[in-house]
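Take a look at the letters that make up each chain.
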Amino acid sequence: MELTAGVGFKPEHFENAVASPADGLWFEVHAENYIVEGGPRLAMLEALRSARPLSLHGVGLSLAGIEEPDPQHLTGLKQLIDRFEPTLVSEHLAWSRSGADCFPDLLPFPRTNELLDIVRRNIEITQDRLGRRILIENPSLYLNLAGHDWSETDFLGELVRRTGCGLLIDANNIHVSATNLGFDSHAYIDALPPTAVAQYHLAGHSIDPEFGASLLIDSHDQPIAEAVWLLYERLLERIGRRPTLIERDGNIPPFDELMAERDRAAALLTRELEHV
Amino acid sequence: MSEAAAFQRWFVGAIKADRAPRQMPPSFAVYRNTWLKGLLDALDANYPTVAMILGADLFEMLSLQFARKHPAQSPILALYGAEFPDFLSRQKVSDDLPYLHDVAALERLWTECFFAPDRESLGPSRIAAVTAAEMLNLRVRVHPATRFGRFGTPAVTIWHAHRAKGDFDELEPEWRAEHALITRNGMSVAVQLIDEATHRLLEEIEARRAIDAAIAATAEAAPGTDLAIALATIIASSALAAPRAEDVRTW
Chain E
1 MELTAGVGFK
11 PEHFENAVAS
21 PADGLWFEVH
31 AENYIVEGGP
41 RLAMLEALRS
51 ARPLSLHGVG
61 LSLAGIEEPD
71 PQHLTGLKQL
81 IDRFEPTLVS
91 EHLAWSRSGA
101 DCFPDLLPFP
111 RTNELLDIVR
121 RNIEITQDRL
131 GRRILIENPS
141 LYLNLAGHDW
151 SETDFLGELV
161 RRTGCGLLID
171 ANNIHVSATN
181 LGFDSHAYID
191 ALPPTAVAQY
201 HLAGHSIDPE
211 FGASLLIDSH
221 DQPIAEAVWL
231 LYERLLERIG
241 RRPTLIERDG
251 NIPPFDELMA
261 ERDRAAALLT
271 RELEHV
Chain F
1 MSEAAAFQRW
11 FVGAIKADRA
21 PRQMPPSFAV
31 YRNTWLKGLL
41 DALDANYPTV
51 AMILGADLFE
61 MLSLQFARKH
71 PAQSPILALY
81 GAEFPDFLSR
91 QKVSDDLPYL
101 HDVAALERLW
111 TECFFAPDRE
121 SLGPSRIAAV
131 TAAEMLNLRV
141 RVHPATRFGR
151 FGTPAVTIWH
161 AHRAKGDFDE
171 LEPEWRAEHA
181 LITRNGMSVA
191 VQLIDEATHR
201 LLEEIEARRA
211 IDAAIAATAE
221 AAPGTDLAIA
231 LATIIASSAL
241 AAPRAEDVRT
251 W
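Chains as they are written, first to last, in the numbering used here: chain E, 1 to 276; chain F, 1 to 251.
It should be emphasised that the hints constitute simulated quantities derived from the structure, not laboratory data.
A portion of the hints provided could be inaccurate.
If we take Cβ atoms under 8 Å as the criterion, some of the chain F residues that face chain E in the derived model are [as the list claims (entries may be wrong)]:
#: 1; residue: Ser2
#: 2; residue: Phe7
#: 3; residue: Gln8
#: 4; residue: Phe11
#: 5; residue: Val12
#: 6; residue: Ala72
#: 7; residue: Gln73
#: 8; residue: Pro75
#: 9; residue: Ala78
#: 10; residue: Asp118
#: 11; residue: Ile127
Positions of the beta carbon are idealized from the N, C-alpha and C atoms, including for glycine.
Construct the entire structure; sequences and hints are all you get.
Structure follows, in structure tokens:
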């Protein structure tokens, strides 16, 4: 089955998810939620996987952390991959570990030559251990850090060139970062290396209650904004059609509401196909 | 130290500090908040009954204090918060709610049970195929998902009343120690109030890995108790693991 548009899986949607007849539908889960020894959560994922293709999206490898990826965590991820045979495996261009402490967040860094080498090393260790290519996702940013040697798009392009990794491009993250840091989202899209892009993410954001529309939060708790749909259309136009995921992690609506967004993305993907 | 290492060390200090560094813009608060929210969500998921007892505001305040002192040691948060029950017992609120630690400890056992390894259990259908003589020759193990505990307060009754969403304002449990058996059955976790003899028998099975020796030891410690009922409760709850080939005793 060719993947069209998918939905981030929520356990409360299980029955609707396995029963949905949508063409090309697939699901994505955060790998860290399933690196557990056993029990109902894994049993449910097993049943979902027998109905639909799956993507594993990591949030905790800390690829931009100065330390090498945690071998124990890589082992857990490898076991999950061996058991569930996901179509796609992805992680973030971010760090979240410092010594023994792990921060459930995606932290920023100056894109220096030193960091490029660190992230390259960490992606290589990961791909070697997992025995497969991973996709790297562009982050949502909230700070204009000093000391960058690289633009984000060139940094990502360089990682692709040096490690053979692919890219997962999140249209909402482009919009959030462009708004918060004041860059041109269209120019960002045009600077991405098209052939490396293997997946898109679409999600909702929220407006910071204190600072208003100049500070957007990548909260995944709202419907996808129209501005993000426009960026998605531009991605399809400039880069092409790729499996696309609707992410929702808070204020979870009924399954049908998520599927309405998913169907909109699937329609745009199909439209793009007819034009080709 | 490399520039990257120095930056990350500084950044971690700044997101953990009680106040943001003065030179940082207001948007830095997003990073200071997000990692804590991740830990708060994990505590909320793992201690829902404690949250009901304390109410949202007090639970959040105590969770924040806990999370600042206990950053996660793994990116996998399913089992985050092991120290939360002991942390709660040291807070002032536990003076008024002396059962709070025990309810939290019970919820912890629930979480451990939920994520424990899968293994076939020694249920009634499996046991029907085993003769009494064979049964006595089996090395018996407690199922890896089974948990049991003794609480100095009626924590099991209090936990059940909150989970049943009953009229627990009116709850006046008999003030005594209680024992719980937590087992996994298919897709759900069951919490049962058990008597002291059943709890003792479980402890003996875990230590001795043999039904006959466990029954003898329990009978000696608690003469006059009906261990047939205790054993039946344990088996009906799928609390024991189905034996594997290496579990057949050969003497």
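Against the structure, the hints come out as follows:
1. Ser2: 6 Å, holds
2. Phe7: Constraint on Phe7 of chain F satisfied, holds at 7 Å.
3. Gln8: With a minimum Cβ separation of about 6 Å from chain E (threshold 8 Å), the hint on Gln8 of chain F holds.
4. Phe11: With Cβ-Cβ at 6 Å, under 8 Å, it holds.
5. Val12: 4 Å, holds
6. Ala72: Holds. Min distance 4 Å.
7. Gln73: Holds - the Cβ of Gln73 of chain F comes within 8 Å of chain E, reaching about 6 Å at its closest.
8. Pro75: With Cβ-Cβ at 2 Å, under 8 Å, it holds.
9. Ala78: At 5 Å from the nearest chain E Cβ, Ala78 of chain F passes the 8 Å test, so the hint holds.
10. Asp118: Constraint on Asp118 of chain F satisfied, holds at 4 Å.
11. Ile127: With a minimum Cβ separation of about 22 Å from chain E (threshold 8 Å), the hint on Ile127 of chain F is violated.
This entry does not satisfy hint 11, going by the numbered hints stated previously; all others are met.
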